[in-house]
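Engineer: So the protein lines, in turn, are chains A and B. My numbering puts the first sequence at residues 1125 to 1240. My numbering puts the second sequence at residues 37 to 151.
Bear in mind the hints are in silico, worked out from the structure with no lab data behind them. Among the hints, a few may not be true.
Footprint (simulated), chain B over chain A, 3 or more residues, beta carbon under 8 Å [as the list claims (entries may be wrong)]:
#, segment
1, 1167-1180
2, 1230-1237
Only part of the chain B face toward chain A is listed, based on derived beta-carbon distances under 8 Å [what the hints assert, rightly or not]:
#, residue
3, Gly76
4, Leu81
5, Thr137
6, Gly143
From the three backbone atoms N, C-alpha and C, an ideal C-beta is built for every residue, glycine too.
Listed below are the residues making up each chain.
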Amino acid sequence: AQKVTQAQTEISVVEKEDVTLDCVYETRDTTYYLFWYKQPPSGELVFLIRRNSFDEQNEISGRYSWNFQKSTSSFNFTITASQVVDSAVYFCALSEVYNQGGKLIFGQGTELSVKP
Amino acid sequence: DGGITQSPKYLFRKEGQNVTLSCEQNLNHDAMYWYRQDPGQGLRLIYYSQIVNDFQKGDIAEGYSVSREKKESFPLTVTSAQKNPTAFYLCASSASQGLGTGELFFGEGSRLTVL
Chain A
1125 AQKVTQAQTE
1135 ISVVEKEDVT
1145 LDCVYETRDT
1155 TYYLFWYKQP
1165 PSGELVFLIR
1175 RNSFDEQNEI
1185 SGRYSWNFQK
1195 STSSFNFTIT
1205 ASQVVDSAVY
1215 FCALSEVYNQ
1225 GGKLIFGQGT
1235 ELSVKP
Chain B
37 DGGITQSPKY
47 LFRKEGQNVT
57 LSCEQNLNHD
67 AMYWYRQDPG
77 QGLRLIYYSQ
87 IVNDFQKGDI
97 AEGYSVSREK
107 KESFPLTVTS
117 AQKNPTAFYL
127 CASSASQGLG
137 TGELFFGEGS
147 RLTVL
């Protein structure tokens, strides 16, 4: 069965610290997509990244980077030099390509608090 | 601006009442979704629709109903049969049908509180 686990419920850091959010997934499919979403206090989920199962290259976008390792079924997210505006709940999600409806399976979320 | 509009943002209801949450999108997306968010449990899928006049149950459909009469609209009714309806409800849409490749675009959510 498919499952996404974000073991860190809450993380608190001081501004400018680096922080890594962990994500471990389970799937029987060989073709799937992984996502990260950010949920600021306003409530709307904002798409950050999508990665398919055949592309294990790490990706960097500004202060954000993602480390995808199929060997450990992990898709971790690192924020470098964190800022107060990074405070939000972050969700990791899985989509199996051949599932019906294109639905996403979400992890429980990690609440990140960045203090000045 | 294109996007997803959910209303109302906050809703209070008495036990035993049905309520309907509105979701409208002008992104011309075929697929639409309803998720429920509870603290510490992430998002769970209630219903989804890939095309007009068709919809499928998600993981927690009991006590909910939907309709998809128009491409841009996917209202969710929380019925009195839903035992624990107090939650944050998120509507989403996607341009991709069925293959799980598309990113979801979310509305700002509706917070329902049962008194």
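Engineer: Decide, hint by hint, whether the structure agrees.
Structural biologist: Status of the hints after comparison with the structure:
1. Restraint check on the segment 1167-1180 of chain A versus chain B: 7 residues with Cβ-Cβ distances below 8 Å, three needed, restraint holds.
2. Under the rule that three or more residues need a Cβ within less than 8 Å of chain B, the assignment of the segment 1230-1237 of chain A holds, with 4 such residues.
3. A least Cβ separation of about 6 Å between B/Gly76 and chain A falls short of the 8 Å threshold, and the interface hint therefore holds.
4. The closest approach between the C-beta of B/Leu81 and any C-beta of chain A is roughly 5 Å, which is under the 8 Å cut-off, so the hint is satisfied.
5. Against a cut-off of 8 Å between C-beta atoms, the interface hint on B/Thr137 holds, since the closest Cβ of chain A lies about 6 Å away.
6. A least Cβ separation of about 7 Å between B/Gly143 and chain A falls short of the 8 Å threshold, and the interface hint therefore holds.
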